[in-house]
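Visitor: Below are the chains, spelled out letter by letter.
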Amino acid sequence: MLGFLVLVICLTAVSSNSLEARVEQLTELSYRSPVIKLDEDKYRSFIRTMPRNYSMVVMFTALAPNRQCKICKEAHSEFITLAKSHRYSRSFDNRVFFSVVDYDGGASIFQRLKLTSAPVVLHFPASGKRKAEDKFDIERRGISAEAVAKWVKERSEVVIEVIRPPNYTNAILLGVFLFAVSGTLLIKGNSLDFLYKWKYWAITAMFIMFAMTSGQMWLHIRGAPFAHVDRASGRTSFIHGSSNMMFVAESYIVAVVNGAIAFGFILMADAPKDPNNPNSKYMAYGGLALVVFFFSVLLAVFRLKHRSYPYSLLF
Amino acid sequence: MAKTLLERMGIATLSQAKKETLVQMTILSVACILSFSVRLFSVLRFESVIHEFDPYFNYRTTKQLVENGYYEFHNWFDDRAWYPLGRIIGGTIYPGLMVTAAAVYNVFNFFNVTINIRNVCVFLAPMFSSFTVIVVYLLTKEVKSVGAGLVAASMIAIVPGYISRSVAGSYDNEGIAIFCMLLTYYTWIKASKTGSICWSLSCALAYFYMVSSWGGYVFLINLIPLHVLTLMITGRFSHRIYVAYCIMYSVGTILSMQIPFVGFAPVETSEHMAALGVFGLCQIYAFVTYLQANMSTTNFNVLFRTVVTIALAAAGLTFGVATFLGKIAPWTGRFYSLLDPSYAKNNIPIIASVSEHQPTTWASFYFDLQLLVFMFPVGLYYCFRELTDANIFVILYSITSIYFAGVMVRLMLVLAPIMCIMSGIGISTTLAIYMKNIESETPAAPSSKSGKKKASDYPIKSEIATVIVTVVSIFLTTFVFHCTWVTSEAYSSPSIVLAARGHDGNRIIFDDFREAYNWLKFNTPENAKVMSWWDYGYQLTAMANRTIIVDNNTWNNTHISRVGQAMASPEDHSYTIMKELDVDYVLVIFGGMSGYSSDDINKFLWMIRIGGSTPEGEHIKESDYYSSTGEYKVDKDASKAMHNSLMYKMCYYRFGEIMTEQGKPTGYDRVRNQEIGNKDFELDVVEEAFTSEHWIVRIYKVKDLSNRGTV
Chain L
1 MLGFLVLVIC LTAVSSNSLE ARVEQLTELS YRSPVIKLDE DKYRSFIRTM PRNYSMVVMF
61 TALAPNRQCK ICKEAHSEFI TLAKSHRYSR SFDNRVFFSV VDYDGGASIF QRLKLTSAPV
121 VLHFPASGKR KAEDKFDIER RGISAEAVAK WVKERSEVVI EVIRPPNYTN AILLGVFLFA
181 VSGTLLIKGN SLDFLYKWKY WAITAMFIMF AMTSGQMWLH IRGAPFAHVD RASGRTSFIH
241 GSSNMMFVAE SYIVAVVNGA IAFGFILMAD APKDPNNPNS KYMAYGGLAL VVFFFSVLLA
301 VFRLKHRSYP YSLLF
Chain F
316 MAKTLLERMG IATLSQAKKE TLVQMTILSV ACILSFSVRL FSVLRFESVI HEFDPYFNYR
376 TTKQLVENGY YEFHNWFDDR AWYPLGRIIG GTIYPGLMVT AAAVYNVFNF FNVTINIRNV
436 CVFLAPMFSS FTVIVVYLLT KEVKSVGAGL VAASMIAIVP GYISRSVAGS YDNEGIAIFC
496 MLLTYYTWIK ASKTGSICWS LSCALAYFYM VSSWGGYVFL INLIPLHVLT LMITGRFSHR
556 IYVAYCIMYS VGTILSMQIP FVGFAPVETS EHMAALGVFG LCQIYAFVTY LQANMSTTNF
616 NVLFRTVVTI ALAAAGLTFG VATFLGKIAP WTGRFYSLLD PSYAKNNIPI IASVSEHQPT
676 TWASFYFDLQ LLVFMFPVGL YYCFRELTDA NIFVILYSIT SIYFAGVMVR LMLVLAPIMC
736 IMSGIGISTT LAIYMKNIES ETPAAPSSKS GKKKASDYPI KSEIATVIVT VVSIFLTTFV
796 FHCTWVTSEA YSSPSIVLAA RGHDGNRIIF DDFREAYNWL KFNTPENAKV MSWWDYGYQL
856 TAMANRTIIV DNNTWNNTHI SRVGQAMASP EDHSYTIMKE LDVDYVLVIF GGMSGYSSDD
916 INKFLWMIRI GGSTPEGEHI KESDYYSSTG EYKVDKDASK AMHNSLMYKM CYYRFGEIMT
976 EQGKPTGYDR VRNQEIGNKD FELDVVEEAF TSEHWIVRIY KVKDLSNRGT V
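Residue numbers (this note's numbering), protein chains in the order written: chain L, 1 to 315; chain F, 316 to 1026.
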């Protein structure tokens, strides 16, 4: 009886000891790097060994360059941001740990969990079995650190406020730009006439103009495919049939058409400028042809988007 | 015959200059009348009614102003909205619009023209668009020439991008704000050209009017400093600009701070810092110029370098400390969403849910501006070719506004005037060149400008000129057709009264909204609280005069979220929320019967998203409301959460008994083209109180707590 008691005590001591040891080890590891890299052994000892009083959030991913997984890198950096926010927050405790399993070096873990794609984020709860919700729904929720944090909060009740490191890219770009400007000022000295040439400014302004009127900003914000290929018929359509959607190809077409009409007008108006130019007549006619032709094109393209639009010019 | 008529009218005897003035005045007045009348489509088709949502709030406040005077209006605490919080109206709105309407009303009534305040509100926007025509003419005249001014004025009269916000009945801030903005620009250009204190003060006053009427004044107070800065960099800064800007900025800022809603923002928030910075820069620039004139070059250089270094360091330090101490307000959400286009989409669901904040496709640029889209760069080209101070201003205006219009479709409104000005310049330049060539055949009296170079300027024969002038005229004609078509098709429905074509081609009017609001007004107790999605809040308070929970002034996200939760939760949970908010009636908009597509079921996803965005709404998860295949549906495949949500039940209550289309089963939703999945159910916590003729508005009464505990 006594022996049994001793044995029980010993067992408890051993298991709690090892749990404590593991937590300590994990804490230490996460001090070293906020996201713990798991290999086969660590995976077994930290996740598969059962009495646990901590949650594990594990990202399964494939980071090796030869895997060519672009989204994995993005997701990974977001994941690191999240782990860092947790690690350096005041409320850092050992209720939840972040770790990552790379396919190269952990393929057997992938097989065991029957994972066929990457990246996948799984939550291993402190107690109980994994449920369906313990798999992070990347497709619906996105990969941003905030989305993952919200999900972690739902699953483990650990609140993590995502703190993004200040983005230095803009500052560096600004620095380079300022350096370039001041460099030009130093080298060129007083001959800054090129800055006062109106043509350069006019070209820049028009570039902005055509970019905007052809909907580049819409594409930048919403994102759109270049064109649409219809699987059934194999036909490619460059112009979206709805007036509040568009394709990348479409915006280029419109920018060119608008540009051609504007150029035609300028040609027309500038033709009589130089009285000695024998070609001025052809300039005027050329400009006129450009304007009429491309305006008709524009109307035709617009009719594709607005079926009920009643006007057309040449065709 | 014509000659005799002219002689009879005494026109033939006028001098050339007077004839020109007469023609200009005629064109301008015709443009003004046209701009007024083209905006009356909706009044003629329906009746003199106020449109949409926000105008109803403006109308209600204007009525308050007219009936109770300015101080009552200024101190107004509205207990009919945002129950139980209420809303301070006087300090949270731009009062310019209401004051203007009240002034017009009072002037008319003073002369015993007894016009109703509602009609003043309906026709205010068309009236101000006529004024805009005149201001655009004046502005373009200052920038380029009289001819360009007339073309631009005629264009602004009918351009759809501006009409969209200023048709009769759209009684909103933008309706007068565009006039104020252009007036400020005109006076600014006058001031910077003349350097006179009088024009600078007019500019400050115009700016004050602008600030009092629209939050978009921030654009203006950044554009003018940008102009000054550009002039400084290009070496065009002069005493005229100095006088104009200093007076405009100091007087304008002090005046703008008199608007309670603006308050101390002009000296605290970062949107206004550019103006302050440029103001400081002006002083420094002037001082440096003064020193330069009174010192030797070497001494000056030494002094200049030292001061610049110290100043830069000090400025950086101050900025850092002020930001750190929180003295400088962070970038406000709306402004930031302009600079970083994806900011709003990612961070604020309410901003993302409003379609006015969407970016602009090329199709809507073309739809709203037609040939201006490509005449704009032409005008820009000519502005660049003859750079003047005023030209630089319009160039800056055009580039900044086209950027903003690209980011937010609503800001098309700011872009439209400059598009007209630029296109006016482009078209008028082209026409002016070729018109002369047509004239040159007949030995008519040369106009004052072209007389000198006449002989050498006309190498192109008049046939070509005739062809080109004809083509340009055809283009302008298509512009007129396009604008009229767009106005008639897209911008002339009041959205409170709907119209559709029946099978036999007859027009069917859906007047369900007013029917339902009037039902509320006459059949519910005076103090009843009505819950609806925020879109209908302003209309409810203005037309039904009942207390509402949330409205279109989306200032309290959690309150809106609470309403979203009530709509998206199952009945028993909703009931606790509705009791907590003390709701008596619930109003939903339902289009399944009539085919009205912007109904609450289509907005329901946003209610779920916004409802689930606060801690109280944790039980609401967007994914629960999709079918198993991840689609948003209302038929059999829809999820349980969807079928059991209060919104679904209130919209489809007894809808399953109805045959909506021939050859389709009962309960066929004509908007989503699905047969509803949950047909036979009873409502436990609410009871149907009223359903409008075409089922667009359905009102439910929230039952009292049962006096015996339910089992």
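In short, the hints are calculated from the structure, not lab data. Any given hint might turn out to be false.
Taking lysine-lysine and the BS3-like style, the derived pairs with C-alpha atoms no more than 27 Å apart in a straight line are [claimed, not checked]: (1) F:Lys936 <-> L:Lys150; (2) L:Lys131 <-> F:Lys1016; (3) F:Lys751 <-> L:Lys273; (4) L:Lys129 <-> F:Lys751; (5) L:Lys199 <-> F:Lys508; (6) F:Lys1016 <-> F:Lys979; (7) L:Lys129 <-> L:Lys150; (8) F:Lys955 <-> L:Lys153; (9) F:Lys955 <-> L:Lys135; (10) L:Lys73 <-> L:Lys197; (11) L:Lys281 <-> F:Lys751; (12) L:Lys273 <-> F:Lys456; (13) F:Lys751 <-> L:Lys150; (14) L:Lys153 <-> F:Lys951; (15) F:Lys918 <-> L:Lys129; (16) L:Lys150 <-> F:Lys979; (17) L:Lys199 <-> F:Lys378; (18) L:Lys131 <-> L:Lys197; (19) F:Lys456 <-> F:Lys378; (20) F:Lys994 <-> L:Lys131; (21) L:Lys197 <-> F:Lys936; (22) L:Lys129 <-> L:Lys153; (23) F:Lys955 <-> F:Lys994; (24) F:Lys955 <-> F:Lys836; (25) L:Lys70 <-> L:Lys135; (26) L:Lys114 <-> L:Lys153; (27) L:Lys197 <-> F:Lys948; (28) L:Lys131 <-> L:Lys114; (29) F:Lys751 <-> L:Lys135; (30) L:Lys73 <-> L:Lys114; (31) F:Lys836 <-> F:Lys1018; (32) F:Lys994 <-> L:Lys135; (33) F:Lys994 <-> F:Lys951.
Quick list of simulated restraints, FRET-style, between CB atoms [what the hints assert, rightly or not]: (34) L:Phe226 <-> F:Gly401: 50 to 58 Å; (35) L:Lys150 <-> F:Asn988: 46 to 54 Å; (36) F:Ser810 <-> L:Arg90: 50 to 58 Å; (37) L:Arg307 <-> F:Ser810: 19 to 27 Å; (38) L:Lys150 <-> F:Ala626: 44 to 52 Å; (39) L:Gly223 <-> F:Asn842: 32 to 40 Å.
Beta carbons are placed, not taken as given, at the ideal position from N, Cα and C, and that holds for glycine.
Visitor: I'd like to know which numbered hints this structure contradicts. Please list them from smallest to largest.
Guide: Result: hints 2, 4, 6, 10, 13, 14, 15, 16, 17, 18, 19, 20, 21, 24, 27, 29, 32, 35, 39 break, sorted rising.
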